Amino acid sequence: MSEFIYLYRSTNEASRAAMGSPEQMQKSMQTWMAWMQQLADKGHIKNPGHPLERTGKLVKGKQRTITDGPYAESKDIIGGYTLIEAKDLGEAVELSKGCPILEGGGVVEVRPVLKTGM
Amino acid sequence: MTDLHEHLFRREAGRLVATLTRIFGVEHLALAEDVVQDAFCRALEVWPFRGVPDNPSAWLMATAKHRALDVLRRERTARTLAPELARLLESDEPLPTEDAIRDDQLRMMFSCCHPRLSEAAQVALMLHILCGFSVDEVAGAFVSTHAGVEKRLARAKRVLAESQRLFEITDAADFAARLPAVHRALYLLFNEGYHGASPESAVRGELCREAQRLTGLLLEHPVAATPATYALAALMCLHAARLPARLDGAGHLSVFADQDRSRWDNHLMAEGQRLLELSASGPLLTEYHVEAAIAAVHASARRVEDTNWAQIVTLYDTLLVLRPSPVVALNRAIAVAQRDGPARGLEEIAAIADRERLDAYPFYHAALGELELRRGRGETARGHFGAALALARNRMERQFLEQRMQACDAAGSARTRSQSATL
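Here the protein sequences line up with chains R and U, keeping their order.
With the first sequence counted from 1, adding 8 to any position gets you my numbering.
With the second sequence counted from 1, adding 228 to any position gets you my numbering.
Wrong hints could be hidden among the right ones.
From the derived model, a few chain R residues whose C-beta atoms are all more than 10 Å from chain U [claimed, not checked]:
#	residue
1	L15
2	K54
3	D96
4	T124
Looking from chain U toward chain R, a few residues come up when the C-beta cut is under 8 Å (computed) [as the list claims (entries may be wrong)]:
#	residue
5	L232
6	F237
7	A241
8	F268
9	W275
10	P276
11	G360
12	F361
13	E378
14	L496
In case anyone wonders, no lab produced these hints; they're calculated from the structure.
Source: prediction; values computed, not measured.
Even glycine gets a Cβ: it sits at the ideal position worked out from N, Cα and C.
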């Protein structure tokens with residue numbers, strides 16, 4: 009088994025559009041939870057991870073310039089991450105296809121965790 | 229992982245907005261709505277990763293309060309009232325009890341029934357604020373446009389904000405004076421679900437359930453639990469019990485007489501009967517008592533031919549005195565037809581004062597069609613069903629009326645056949 013990280017990325021506009029009425033929000037949340045639960049049941053979740061605030065600071069360069077997030081408005085923002093276990097990149101990608109963020113125009117970035125022999 | 233109630237967010241939306249509006253003041257209804265929306269966004273972001281908290285309601289309330297503090301700190305406009313509000317929000321007061329939240333919802337319910345608002349606006353406002361329906365969902369329920377509902381709600385909220393304070397439910401005189409308007413709005417909400425125009429039976433079922441839930445809040449409050457409230461609750465139960473049989477196995481509307489009564493909900497029937505008995509405790513007879521009694525007579529008949537139509541006609545006579553309307557008169561005429569035959573029913577319909585007010589009502593033409601068909605005038609009946617079809621408001625009604633027109637054709641050709649056989 010290898011480890012992968014899912015980075016959930018979407019624009020502010022896309023995530024706002026996915027909100028809607030309380031009823032719709034509960035439905036989206038339950039879709040998310042069902043998807044996570046399904047991965048967990050199959051033993052693919054190493055760590056469910058955390059959601060991330062959409063704001064923050066950028067610290068840049070030798071000058072240590074500090075600017076406010078969230079970066080350029082139109083760009084994808086990472087909204088959270090999950091640590092996944094899968095056979096290979098192919099399986100990790102396949103599993104990510106059920107992620108509800110894709111329905112709302114978001115992106116799942118699947119990145120193999122680099123294992124260094126200790 | 230905790231299982232969530234199917235409509236948790238919708239329910240919580242009403243409870244949270246009602247409680248926060250009491251804290252913020254009615255002029256800050258928009259702030260309450262915003263922070264509640266934010267709390268749901270937060271739940272949507274956090275719960276999939278960290279699981280559902282043990283007490284989701286408390287989590288949402290705490291999150292909404294934090295969010296309100298953030299907003300107040302940021303917004304300059306709120307500065308004058310911020311210190312007092314911030315104190316209220318920051319204080320570690322325990323979460324409001326269920327009783328307190330119920331009273332907050334009652335305050336909001338009575339506030340929504342402001343006399344300056346039309347009945348339609350009151351119902352829309354209740355659905356939006358207390359039941360968590362978005363503008364689009366309200367528009368879907370009443371088959372109106374997003375823009376139309378948005379405008380109506382904006383105006384209604386302005387009236388609410390200008391009223392300076394939420395309705396005070398501790399003043400018994402005010403309370404009793406406003407209660408009939410609240411009953412009426414809940415009745416209309418239920419009716420919209422039961423007979424309404426929305427093509428989706430799921431939406432309609434939700435409207436009925438929400439009306440029943442809000443009526444349930446009235447029943448829990450000692451001053452609001454009047455005989456009229458019991459009667460209203462009884463009538464909702466007795467009608468809701470029949471909902472499952474309104475559609476046949478294929479999801480089509482079925483003629484009342486053809487409904488499969490074994491599909492009536494016995495539990496709701498019994499609850500309706502119980503509430504009806506509780507409603508009989510005072511001298512006051514309201515339209516809700518009479519309507520519930522009519523529903524109870526229907527419910528007590530195992531087969532449609534066992535129905536005591538004479539009793540139903542008498543009850544409609546009483547209802548006509550309490551609430552004169554051409555629709556009530558039409559229903560009375562249909563009961564007369566059941567008792568004395570279709571010809572008598574048609575006479576009664578012809579005698580309805582303001583009959584022209586029924587012209588736009590599809591059930592009026594359908595009733596004429598039904599009675600004409602029953603007395604063997606297939607062709608005339610077909611014309612009436614055609615008129616109803618032109619007014620039908622959704623696919624289910626259209627399908628139903630097309631079916632009735634086919635029944636007219638079948639009756640016509642059967643007659644022609646028997647006529648040629650006798651020749």
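Against the structure, the hints:
With a least CB separation of 13 Å from chain U, R/L15 remains clear of the 10 Å interface cut-off, as annotated. With a closest Cβ-Cβ approach of about 13 Å to chain U, R/K54 is found to remain outside the 10 Å limit, as its non-interface label requires. With a least beta-carbon separation of about 25 Å from chain U, R/D96 lies farther than 10 Å from that chain, consistent with its non-interface assignment. Residue placement check: R/T124 keeps its beta carbon more than 10 Å from all beta carbons of chain U (closest about 27 Å).
Hint status for U/L232 relative to chain R: holds, with the closest Cβ pair at about 7 Å, below 8 Å. For the restraint placing U/F237 at the interface with chain R, the shortest Cβ-Cβ distance is roughly 4 Å, inside the 8 Å limit, so the hint holds. This hint holds: U/A241 has a C-beta 4 Å from the nearest C-beta of chain R, less than the 8 Å allowed. Below 8 Å, beta-carbon pairs count as interface contacts, and U/F268 has one with chain R at about 5 Å; its hint therefore holds.
Using the Cβ-Cβ criterion of 8 Å, the hint placing U/W275 at the interface with chain R is satisfied: the shortest such distance is roughly 6 Å. Annotation: interface hint on U/P276 holds; nearest CB of chain R at approximately 4 Å, less than 8 Å. A hinted interface residue such as U/G360 counts as satisfied when its beta carbon comes closer than 8 Å to some beta carbon of chain R; here the least separation is about 4 Å, so the hint holds. Of the supplied interface hints, the one on U/F361 holds, with its beta-carbon coming within about 7 Å of a beta-carbon of chain R, less than 8 Å.
Violation of the interface hint for U/E378 is found here, the shortest Cβ-Cβ separation to chain R being roughly 14 Å, above the 8 Å cut-off. For U/L496, the shortest C-beta to C-beta distance to chain R is roughly 24 Å, which exceeds 8 Å, and the interface hint is violated.
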